[in-house]
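Participant: Since the structure of chain A is provided, determine the placement of chain P on it from the hints.
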Amino acid sequence: DVKVTQSSRYLVKRTGEKVFLECVQDMDHENMFWYRQDPGLGLRLIYFSYDVKMKEKGDIPEGYSVSREKKERFSLILESASTNQTSMYLCASGSNGRDGLNQPQHFGDGTRLSIL
Amino acid sequence: DQQVKQNSPSLSVQEGRISILNCDYTNSMFDYFLWYKKYPAEGPTFLISISSIKDKNEDGRFTVFLNKSAKHLSLHIVPSQPGDSAVYFCAASPTTSGTYKYIFGTGTRLKVLA
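These protein sequences, in sequence, are chains A and P. Residue numbers for the first sequence follow our numbering, beginning at 1 and rising by one. Residue numbers for the second sequence follow our numbering, beginning at 1 and rising by one.
One chain only, chain A, in its complex shape (with noise of 0.2 Å):
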């Protein structure tokens, strides 16, 4: 089975600080997806990543900066947080397949953060 890890699954934080978020998979795959979910909004993409080193904006990337030096781990960034990232925060990773046909992305647990 596909296993999606996130660092910590709660998470609290002060205004201004730089947050950290990790994810980890184990199978190979080439992209990875950052979501948040919110009561309403459904789920959003952040950001995601097809290749290391490789980032590309989703759809609300503002306040969010991403890593992926190692194909297995993609970070997101709070470079200054806010009360308005309150949230909770989803990783996703899925393959390009056979044929590059598509793929379902499978996700981690998730991190509920709080900013304070």
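Since the hints were derived computationally from the structure, they do not count as laboratory data. Please read these numbers as outputs of a predicted model, since none were measured by experiment. Check before you lean on any hint, since a few could be wrong.
[Claimed, not checked] 35 Å max Cα-Cα, derived DSBU-like pairs, lysine-lysine:
no.: 1; chain 1: A; residue 1: Lys70; chain 2: P; residue 2: Lys37
no.: 2; chain 1: A; residue 1: Lys3; chain 2: P; residue 2: Lys37
no.: 3; chain 1: P; residue 1: Lys37; chain 2: A; residue 2: Lys13
no.: 4; chain 1: P; residue 1: Lys56; chain 2: A; residue 2: Lys3
no.: 5; chain 1: A; residue 1: Lys53; chain 2: P; residue 2: Lys56
no.: 6; chain 1: A; residue 1: Lys53; chain 2: A; residue 2: Lys3
no.: 7; chain 1: A; residue 1: Lys55; chain 2: P; residue 2: Lys37
no.: 8; chain 1: A; residue 1: Lys18; chain 2: A; residue 2: Lys3
no.: 9; chain 1: P; residue 1: Lys54; chain 2: A; residue 2: Lys71
no.: 10; chain 1: P; residue 1: Lys54; chain 2: A; residue 2: Lys13
no.: 11; chain 1: A; residue 1: Lys13; chain 2: A; residue 2: Lys3
no.: 12; chain 1: A; residue 1: Lys13; chain 2: P; residue 2: Lys5
no.: 13; chain 1: A; residue 1: Lys70; chain 2: P; residue 2: Lys56
no.: 14; chain 1: P; residue 1: Lys111; chain 2: A; residue 2: Lys55
no.: 15; chain 1: A; residue 1: Lys3; chain 2: P; residue 2: Lys54
no.: 16; chain 1: P; residue 1: Lys68; chain 2: P; residue 2: Lys54
Facilitator: Coordinates of chain P only, in the frame set by chain A:
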């Protein structure tokens, strides 16, 4: 602008009956669709998918129907079980080639009553 819409925030169904969850989309470039199930305090779990070359895909108790002309898909669960109680998200992708980004709906909370 919500490209993928789940207009019913919640749904209650009796155990053993059919659950029908609906999803509408606006972008005609979407050609791969998925349903995910999410329990509290867990990440979403992939349930079933369908590409635009099909109009139906079945996996056990779960069937997804796609109506491209109406830009509508639905998930049928038959028979519904209490363990199916969860939030269901539909998602759409603009390509069948590669794991490109998905656009998710806002979710429907299904409650199956025993």
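Participant: Return the numbers of the hints above that this structure violates; sort them in rising order.
Facilitator: Per hint list: 5, 10, 13 and 14 violated.
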